[in-house]
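> Work the whole structure out from these sequences, hints included.
The listed protein sequences correspond, in order, to chains A and B. Counting in the working numbering, the first sequence runs from 476 upward without gaps. Counting in the working numbering, the second sequence runs from -13 upward without gaps.
Hints should not be assumed to be uniformly reliable.
[Said to hold, decoys possible] Computed list of lysine-lysine pairs in BS3-like fashion (alpha-carbon distance at most 27 Å, straight line): (1) K563(A) with K117(B); (2) K556(A) with K658(A); (3) K695(A) with K117(B).
The set of hints was computed from the structure by calculation and includes no laboratory data. Predicted model, so just to flag it, every value in this text is computed and none were measured.
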Amino acid sequence: MLLLALSVQAARAEGDALSWLQRIRVATQTLSYTGTFVFRSGDQAETSRIVHVVGRRGIRERLETLDGHPREIVRNGDEVKCYLPDSKTIKVDKQTDHSVFPSLLPINLQDIGEHYEVSAGAIERIAGHDSRVIVLQPKDKLRYGRKLWVDVKTGMLLKSQTLDDKNEPIEQFAFTQISIGGKIDRDQLKPRFLAQSRTWHIENSGAVAASLAVSGWSIKPELPGFRKMTEMKRTQDGSTEVGHVIYSDGLAAVSVFIEPMANKTSQPPAGLSRQGAINIYSRQVASHLVTVVGEAPAASVKTLAESVEYHKP
Amino acid sequence: MKETLSAWMDSELSGEQAGPLLPQLKRDAELRRNWDCYHLIGDALRGVHGPDLCAGIRARLDAEPTVLAPQRRRKPETLRWAALTVAASAAAVVFVGWIALPGMQQDSPQVAAAPPAEVKQVAVPAGEGAKDYLLAHQRYSPSSAMQGVAPYVRAVAEQRGSAHR
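Right, here's the structure in full:
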């Protein structure tokens, strides 16, 4: 009886912790804010300023890096533009096929509960806001752990850490200053570097739903918990066709890219490479470059990459 | 030149033949390394440093990861050097171990039985070639649903210096 009561209590506590994740998602979709955050990856840190406005025309955001070379990311609904003034390049990623897949994958609470032990911890102050600590402890070694700090008042995610299997942070986002709500001048959403040049090189990319199996590709990873979410063909500059399949366990996502070798001018290093919490594994299959990219441990990313096969249809 | 050096160490050279070697040793770092190496081998053969020396090398080898790093396009020097160092120290221990073993079997049979170093795969920095993939991936990551455009900063992040670990 006592055991039952304890387990019911534990389930309720976990349910409470999961509901915090739901609050975070709602906050991102409904709150407007401006702030400064520090992104720390390995031993490198970068400070950025972000403006996030939820309006009648959807979400509009602008991110500008404050350290190093100036770079800027502007999101307008389903369109994301990266301004890279150094190379006079604008990378445009536009979602065109809304009927088939959502522009954002929802965090899936049921899946998360299956693969992570979720618990709510103490209250800590982040950027002047009392925040609840939420810990997501992975139940196996196929995924990373997370530690989240959520603003008690608004549900806004103020700090997040990705943790390796030794519970050491390998990547961190943390607001150092944030003001939530209130009036935000729309001018702050305008790209700042656009006027600096008239000769921007624009790289367009988009995606349409597609089946890779039809062209002879099969991916059958032994990766419990990661489900195939969506499958598409990406176009880069209207020419190169890149197969793109996404797997997710509800919190982490891993992408498989399949691209003809012939069209590659720059490519990731062969084998394993990484950037903070993102691991990348690249290999050649049937004169195509297969690259797996995801916020998951190296072994998971490699397993997925090794499972890609080609059989002439 | 190496034969001359070896002969000198074995006291097989006359004073006349050995004369020019000293200033040459002073100038030539490569030659000095050979000199050190030959003495090390000689010592090992005579069992002067014997087991301790081998244990030291073995301990250092155990501590080193086996580098299985893939080829890099940029700044390959550091990785190549890391790989060479491992290869060189592995070669050294095999060489010393092999020639030292006959006279030292009772002292250190563990030389032959040393466990292999743990094989670790070392990830190199992703670099520019992965940026387009990162950008495309970011949109579909559920973390973007929690943090909006902030995680996109990865796709434009700068790789500064070689201080990556």
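> All the hints need checking, so say for each whether the structure fits it.
Okay, the hints, checked on the actual structure:
1. K563(A) with K117(B): holds, 16 Å
2. K556(A) with K658(A): holds, 24 Å
3. K695(A) with K117(B): Holds. K695(A) to K117(B) sits at ~26 Å (cutoff 27 Å).
Consistency note: the structure conflicts with none of the earlier hints.
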